[in-house]
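Going line by line, the protein sequences match chains A and B. Numbered per our numbering, the first sequence spans residues 9 to 90. Numbered per our numbering, the second sequence spans residues 38 to 267.
These are computed hints drawn from the structure, not numbers from a lab. Quick caveat: nothing in here was measured; it's all calculated off a predicted structure. Hints may contain errors.
[As the list claims (entries may be wrong)] FRET-style restraints, in silico, Cβ to Cβ:
no., chain 1, residue 1, chain 2, residue 2, range
1, A, GLY67, B, GLN63, 23 to 33 Å
2, B, LEU237, A, LEU58, 20 to 30 Å
3, A, ARG57, B, ARG187, 22 to 32 Å
4, B, GLN255, A, LYS47, 27 to 37 Å
5, A, LYS47, B, SER188, 32 to 42 Å
6, A, LYS68, B, SER53, 49 to 59 Å
7, A, GLU70, B, GLN138, 52 to 62 Å
From the three backbone atoms N, C-alpha and C, an ideal C-beta is built for every residue, glycine too.
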Amino acid sequence: MLQAAEKAYCEALLALKRKDYRAAGEFFEQAAPNFAQDKEFCLLRETTRLLLVVKQKLGKYENEDTIVIEEAFSNGQETELL
Amino acid sequence: MNQQAVLKSLEGVLESFLEQVVSHKQPRLQVLEGINRLDDIARTSDKGLEITDSIGDWFAANNPLLSESRLRPADISRIGMILNEIKGRLDLGDEAAPATQKISSEIDRWRQTGTGHEGRKIVLRRGPETAAPTSRPHFAEEADSIDRFRSFFERARNLFEDFAGNKKHLLSALDDSLSSATIQKNRDALILSSFIIYYLKQNGYKVDPYVQRLRKAQELLKGHPHVTGG
């Protein structure tokens with residue numbers, strides 16, 4: 009089976025593909041001890057880390073930390089609540 | 038430009054860079070996704086869960102990779118090893134379900150395809166470790182050797198955990214370790230194998246066939262770039 013660090017690196021790349029940068033950052037950290045010498049790994053890890061910091065800073069400006077609640081309607085029809 | 042605009046611009050640049058990397062690596066990511074999914078299935082089979090459907094779906098999704106020759110020899114080797122582990126856990130007795138038998142024959146087909154490729158090697162490589170320059174090389178080297186051995190010991194322990202898995206006997210773990218040393222040119226696996234062989238010998242096991250395999254792996258590693266399991 010894949011070693012834990014290999015699997016974490018793989019999961020990090022797949023998370024980048026999904027644009028789930030938070031998950032990617034966590035997986036990169038898990039893989040880091042085994043790939044510290046890998047230049048491509050370091051580049052992707054640092055870029056992701058920087059992007060997360062930037063997003064965090066922007067979140068403070070844009071109040072993105074609030075929860076957005078959307079209502080869903082079946083068949084696109086709004087129904088009255090009894 | 039205010040700070041928010043600068044950050045927004047930087048966010049766009051970074052996201053664009055990562056998107057382009059992903060786009061450039063898309064074919065490779067598809068392969069990695071397949072290997073990762075297979076690894077997940079193997080881990081599921083570790084827990085005794087039914088995997089016939091999952092592995093069937095995996096073959097259906099990943100057969101094109103093989104026919105389109107998109108797999109590197111190392112990928113085929115890695116997939117072969119995982120399939121080998123999965124097959125070892127399939128119940129292939131006289132009353133095995135047709136679906137299970139089909140999966141077994143499909144695994145054999147993959148493994149045969151894998152052996153048809155030359156130059157199998159490990160996916161991950163790392164250069165030799167070097168000590169930092171110092172004005173006291175002798176003492177530094179001594180301390181460094183302890184750190185390096187500690188690091189090796191940790192990697193070897195992790196390797197052993199991978200090889201041992203749910204195996205029922207240490208000989209099975211040794212078999213995997215020797216395969217990794219031979220096929221993947223993994224030096225850590227070579228040293229781990231010799232360690233296990235010595236332990237078995239001390240406990241009265243007949244180890245001659247394994248010693249021969251160890252020597253063969255050692256010959257293959259001579260002059261080969263330093264490769265570790267890490």
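Notebook entry, point to check: Among all the numbered hints in the text so far, which are the ones the structure does not match?
Noted result: Of the numbered hints, 2, 5, 6 do not hold.
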